[in-house]
Amino acid sequence: MDNTVIYATVTYLLIFRLAIVILGGLSIVLGYRLFVKGIFQSDSGSGSEASELDAKIGDMSFTLKNAAPGTFFAAFGVIIVTATMMSSQPEANFHIQKDPETGVVSTGVNLRPIKIDEGTSECKQCENLAAKLEKIAVAMNELAWIYSEDENSLESALVFGDIAVELAPENASILDTRARVLFKLEKYKQAVEDMEKAVELLEKKQDKSQEDLKALKSYKQKLEEYRKKR
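FYI, in this note's numbering the residues of the sequence shown are 97 to 326.
Treat the hints loosely; a few may be bogus.
For lysine-lysine, the following DSS-like pairs were computed, each having C-alpha atoms within a straight-line distance of at most 25 Å [what the hints assert, rightly or not]:
1) K280 / K325
2) K316 / K301
3) K316 / K285
4) K228 / K283
5) K280 / K324
6) K293 / K325
7) K310 / K324
8) K283 / K293
9) K228 / K301
10) K304 / K285
11) K324 / K304
12) K313 / K301
13) K293 / K304
14) K325 / K313
15) K300 / K310
16) K301 / K280
17) K228 / K285
18) K280 / K304
Quick caveat, the hints were computed from the structure, so don't treat them as lab data.
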């Protein structure tokens, strides 16, 4: 995942949590001030002595103690902060992975999954989004293939290939394209990994068509070729 996306996600999560905590903190502070000063200041004496509020509605009369509003605000703030810090689940899990051979460190973020019931409008929107992402992945794959034809554009081809795989990691054809680019860039280990996954995906596919069988045979031949260079 792009670092910009990670930073934006982290910023959003921090602001969201901090806003709730700050709201709770302000409620506690206001509650404390009300608890100490009361509802309003008395006009007599030094002016610092708090007074209570007596009210009457019809036949009913009541007295609002000075501590009541402050206690309410403070309790409200405590509840907000406690609920935010303890009951809510993390919106994201962050991970850092280091390749033991190359020493390259990669970072990523996995957003907390949200359950969406089938047949709902949200489910339909997710299905439409998934279909659009698949089309974008195919387009990126085509660009990766075109750019891979030019030896001077292999790095650009890899960028498109990475995007395509990120959007459709279970598409064997897309993995095949990126493996081709990686092989041309002499990144044989990664090329082998992509081809192994492409072969595995097609082998697990049920009711293979003639086109699938032909592609599987081609992938296995490429895999053997890539392994010899590894």
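ask   = Okay, which hints does this one fail, numbers in order?
value = 4, 10, 11, 16, 17 and 18
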